[in-house]
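Q: The chain contents come next:
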Amino acid sequence: MNVAITPAMVGQVVISGILAGALYSMVALGLALIFGVMRVINIAHGPLLMLGAYTTFFLHSLFGLNPYLSVPVTMAVLFVVGVVLQRTLVFRVVDAPELSSLLLTFGISIGLVNLAQLAFTSDLRAVEYLTGSFPLGPFAVSKPRLVAFVFAAGVTGLAFLFLRGTRLGKAIRATSQSREVAMVCGVDVQRVHMLTFGFASALAAAGGALIAVIVAIQPEMGQIWTFKSFLVIVLGGAGNYPGALLGGMLLGLVEQGAALFLTTQLSEVVAYVLLVVVLLVRPTGLLGGRQT
Amino acid sequence: MLLAALAVYPALGTGYGVRAMLQIFMWIALAGSWNLISGLTGYVSFGHVAFFGAGAYTGAILVAKADWPWLAAALAGGVGACAVALVIGYPCLRLKGPYFAIAMLGLNEVLRALVSYFEGLTGGGSGLSLPTLHATVPIYYAMAATAGGVTLLTYAIITSRFGLRLMTIREDELAAEAMGIDTARHKLYAFLLSAVGPGIAGALAARDQGYIEPVSVFPLATTITMIVMVLFGGKGTVWGPVLGAVALFVAQEFVWARFPYVHQLLFGAIIVAVVLLMPRGVLGILQIRYRLPRTI
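Listed in order, the protein sequences are those of chains X and E. For the first sequence, position 141 matches number 141 in the numbering used here, and the numbering has no gaps at all. Position in the second sequence counted from 1, then plus 1000, gives you the numbering used here.
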């Protein structure tokens, strides 16, 4: 247990933490967008990620599509799923009390997981494409995680450019600041809600597509991602989009640190303690409650 | 009449029947307890099975390692679950909104990881076996008492000023604070009370089964079932959880058990349908149609 902590080990934690953190940031950005725009915590966010992983798996195993090339396809598929979910179910509870939206998305989440179990069975699946790691000085860098980092950073960067630069992106940010004012300024709020849910699902799907290469795919892989994404947006400050980036990195570092210095078994416990401590000390998140 | 019938049932019924009744009592206790926090204050607990598991482990460890009698261990299970609720509820219930719900979503995963990790005490992943004991009938009465206790407690709370304050928090927390209600403290009390029932039920179930391991006492499916039962019967009512527990347990036992995934899928669909179509549940609809009093 008590091994001497060397600088190389710390460096390893930092590298693995940042590689994992970028994925957390990207997936959590989706949850943050839905929460910011609709004030709905989407419990089904993780199961949507799971569907993304399955989409990539089947594109790879049935059509031989390169898993990394499948990322945009998977995102497009889940964008449609997200829009359909929003138009059929979620829009009905946007103005309802929190209890309703939490329970509704919880019901959707159970539905998605069990549909996946029926359709795909509980067998563990894997996309075998890229494995192993390469040395970088004294550190080992996992190849699939590095590629996932590059993709996640790219997708997150594009998402921010989109939010900053385009009319629709501005409409999304305006709606999350004040729905009434946005409406008065001529923003079609219903349409923004629908598209935001689609984009958020696409972000979750990108996460699913990227980790499909890294971990085993099974119907229940998603739920923990809902929890982790929420932890990330709590760390960053709910409704604060750049905060999600910081929160994701922080979660990645803490988890990797816990895995190295304690044991991998307890890394989830450490993340949970982190959540409780942040809620106690700074409930508005590390960057405060500022809106962007 | 009903009480008397339930009291003599173990003497007359089959082994299977007694076991099924035991399960129904357990579900009434679990659903009723979820209703205490989520139905009354509107704070959704997505991890209530954590208290069932905490009670099961507290009780089982005391029986296996300290030779406690099962009834005392069951009560200790309630206390153990209450302690977990205090640790989680104190930080999370001071906040409004969904923080509490998500914190509860992670809780059972965390407890499962912890009991797997501390192998010396809990037996880790290989589980904990209890000495054999043929006490299904006494446990039947204990579980019935737990279910009755939770239902009685719900009635006492709903008809009290404390219950009124809790429901004020549910309807408008800001207004409740403005009226001078210490909302954090009220929510915490409701949460602690809602942990006792699952804790005792967990310890009793562990004693009855004689063997526990991390995966079997912290299943997400149990939380889902509790929530579905309460929503279906009518949240925030005294008899809603009882109605939901009996109706869904019977349906589950005789119809859906043959199709495991379809049955879970159906639970998801029931939640969605109840939230969208009849947020007050079956009992809520009956209350409005037949002008029944709120305290039913």
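No wet-lab data here; the hints were simulated from the structure. Beta carbons are placed, not taken as given, at the ideal position from N, Cα and C, and that holds for glycine. The reader is advised that the hints may include incorrect statements.
[Stated by the list, open to error] Derived EDC-like pairs (lysine to aspartate or glutamate); straight-line CA-CA distance at most 20 Å: (1) E:Lys1096 x X:Glu128; (2) X:Lys143 x X:Glu128; (3) E:Lys1065 x E:Asp1182; (4) E:Lys1065 x X:Glu98; (5) E:Lys1096 x E:Asp1182; (6) E:Lys1065 x E:Glu1109.
[To be verified] Derived DEER-like restraints, expressed as beta-carbon distance ranges: (7) X:Val141 x E:Arg1019: 54 to 60 Å; (8) E:Leu1164 x X:Phe91: 30 to 36 Å; (9) E:Arg1291 x X:Ile224: 54 to 60 Å.
[What the hints assert, rightly or not] Chain X is nowhere near these chain E residues, computed Cβ spacing over 12 Å in every case: (10) Leu1012; (11) Met1021; (12) Tyr1043; (13) Leu1111; (14) Tyr1117; (15) Leu1121; (16) Ala1135; (17) Gly1163; (18) Asp1182; (19) Val1246; (20) Leu1266; (21) Val1275; (22) Tyr1290.
Q: Each hint should be assessed against the structure and marked as holding or not.
A: Checked hints:
no.	hint	verdict
1	E:Lys1096 x X:Glu128	violated, 44 Å
2	X:Lys143 x X:Glu128	holds, 13 Å
3	E:Lys1065 x E:Asp1182	violated, 41 Å
4	E:Lys1065 x X:Glu98	violated, 44 Å
5	E:Lys1096 x E:Asp1182	holds, 13 Å
6	E:Lys1065 x E:Glu1109	violated, 25 Å
7	X:Val141 x E:Arg1019: 54 to 60 Å	holds, 55 Å
8	E:Leu1164 x X:Phe91: 30 to 36 Å	holds, 34 Å
9	E:Arg1291 x X:Ile224: 54 to 60 Å	violated, 47 Å
10	Leu1012	holds, 38 Å
11	Met1021	holds, 27 Å
12	Tyr1043	violated, 8 Å
13	Leu1111	violated, 9 Å
14	Tyr1117	violated, 5 Å
15	Leu1121	holds, 15 Å
16	Ala1135	holds, 35 Å
17	Gly1163	holds, 17 Å
18	Asp1182	holds, 18 Å
19	Val1246	holds, 21 Å
20	Leu1266	violated, 9 Å
21	Val1275	violated, 5 Å
22	Tyr1290	holds, 25 Å
In summary, the numbered hints that this structure violates are 1, 3, 4, 6, 9, 12, 13, 14, 20 and 21.
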